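Q: Sequence:
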Amino acid sequence: MINELIIVNESGLALFYQNLLGKIPKEYQQIAAFFTALNTFASAGAVNDEVKMISTEKSIFKIIKRDEFSFIFSCSKRKIDESKLNTTIRRIVEEFLNEFNKEINRFNGDISIFDSFSENIEKICNIKTKKPKKSSEILKNFLGINDKKIDYKKVLNSL
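According to the numbering used here, the stretch in the sequence shown is residues 1 to 159, in order.
Don't read these hints as lab results, they were simulated from the structure.
Treat the numbers as computed from the prediction; the structure is a model and nothing was measured.
What you were told as hints is all true, and nothing was included just to trick you.
Just the calculated beta-carbon pair ranges, DEER-fashion: (1) Thr87 <-> Asn19: 17 to 25 Å; (2) Phe41 <-> Cys125: 26 to 34 Å; (3) Leu97 <-> Gly12: 12 to 20 Å; (4) Glu122 <-> Ala44: 31 to 39 Å; (5) Asn105 <-> Ile80: 30 to 38 Å; (6) Lys58 <-> Asn108: 33 to 41 Å.
Listed below are the simulated DMTMM-like cross-link pairs for lysine to aspartate or glutamate, each with C-alpha atoms no more than 25 Å apart in a straight line: (7) Lys102 <-> Glu122; (8) Lys23 <-> Glu4; (9) Lys77 <-> Glu4; (10) Lys52 <-> Glu95.
Cβ coordinates follow ideal geometry from the N, Cα and C atoms, glycine included.
Please model the complete structure; the sequences and the hints are all you need to start from.
A: In structure tokens form, the structure reads like this:
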């Protein structure tokens, strides 16, 4: 399961951050800078290597480099379906690059243009956000009414 996503450009600026657990965002710009520095260190040596995954006790950080971006996924180690996770990650990367192709070429430093991508991630990851109930739904639940067509005036007058 993906817990967090940070999309970073090649200069280390976090363009997009989303916490899929609904928790308060971390200092994601510093986290982006850390991963960028780590990748720069790995690629600067004689081996010219690239960081693709970092594992901790509870999490796996998957780093996907595409074009001039790094997509950093923080994933839970609990009951992970690796195939499904990789498919979801590929979809997120492809959708971001396709949706923001024009914006990427004209990027002027305003990261708010990527904010709308949260909705895409919620759809891809099948996350259902809780929406407040309408007052009519509250009344139906309170009265125990299951009928689709309700004369609310009649119901209220009978109380």
